[in-house]
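Trainee: Start from the sequences and build out the full structure, keeping to the hints where you can.
Residues per chain, in single letters:
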Amino acid sequence: KAGVTQTPRYLIKTRGQQVTLSCSPISGHRSVSWYQQTPGQGLQFLFEYFSETQRNKGNFPGRFSGRQFSNSRSEMNVSTLELGDSALYLCASSPTVGPTGANVLTFGAGSRLTVL
Amino acid sequence: DQQVKQNSPSLSVQEGRISILNCDYTNSMFDYFLWYKKYPAEGPTFLISISSIKDKNEDGRFTVFLNKSAKHLSLHIVPSQPGDSAVYFCAADNAGNMLTFGGGTRLMVKP
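Listed in order, the protein sequences are those of chains A and B. According to my numbering, the first sequence is numbered sequentially starting from 1. According to my numbering, the second sequence is numbered sequentially starting from 1001.
For the record, the hints were derived by calculation from the structure and aren't laboratory data. It cannot be assumed that every hint is accurate.
What the hints assert, rightly or not - If you anchor each label on the Cβ, the simulated ranges turn out as follows:
| no. | chain 1 | residue 1 | chain 2 | residue 2 | range |
| --- | --- | --- | --- | --- | --- |
| 1 | B | H1076 | A | S70 | 38 to 46 Å |
| 2 | B | G1083 | A | N77 | 32 to 40 Å |
| 3 | A | G28 | B | S1074 | 42 to 50 Å |
These figures come from a predicted structure and were not determined experimentally. Backbone N, C-alpha and C fix where the C-beta goes; we use that ideal spot for every residue, glycine too.
Mentor: As structure tokens, then:
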């Protein structure tokens, strides 16, 4: 069973540019979440999609957006990049609520974005 | 407002001994708590979870304890192995759709 795939793995952008990151969830998983990991802030929730609908959104500015396609694949976009957007962006998928009731997310390896 | 906190940024333990990683939370509405392990250049990997109605859950060398009155949970690893060296994240789930993570604790197990 293939895991969560994120592309690209590494990318470098300059301030003011925009970036699109892609995530392919585990087959059969309909929920896709995005998290930002930075050394100072840890793992912070960006947003979560289920059946092409955004169900939850974290406390990030409107420059951060995402979408989910009918095949559950997801993309996130960051516009007008700032230096502080440099981070590891993690995508995670889940079959919504598992048998234990806990929301067990399976993470991809992440996309490391560097903004110069 | 950090709802989930891991106050120890790092922990060093000798191989074969017990590793105890701690986590505190403030929101009493959390339903589940989870522990994830993360190696460099990889995404976090799920380790173990516990429901808020339980006080202990065990899976092999890993045991998680929950003290609801103190809003505190801990992960015990016995015996610790060098391969356990990683960053461990505590996370809390209150809606089934998003997790709130602590800042992580870097565990180093010395051979």
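Trainee: May I ask you to test the hint 32 to 40 Å on the CB atoms belonging to B/G1083 and A/N77?
Mentor: Holds - the Cβ-Cβ distance for B/G1083 and A/N77, about 37 Å, lies within 32 to 40 Å.
Trainee: Just to be sure I understand the hint, the distance between the Cβ atoms of B/H1076 and A/S70 should be within 38 to 46 Å; is that true here?
Mentor: Holds - the Cβ-Cβ distance for B/H1076 and A/S70, about 44 Å, lies within 38 to 46 Å.
Trainee: Take the C-beta atom of A/G28 and the C-beta atom of B/S1074, compute their distance, and say whether it sits inside 42 to 50 Å.
Mentor: Violated, since A/G28 and B/S1074 (Cβ atoms, about 33 Å apart) do not stay within the stated range.
Checked against the numbered hints listed earlier, the structure breaks hint 3 alone; every other hint is satisfied.
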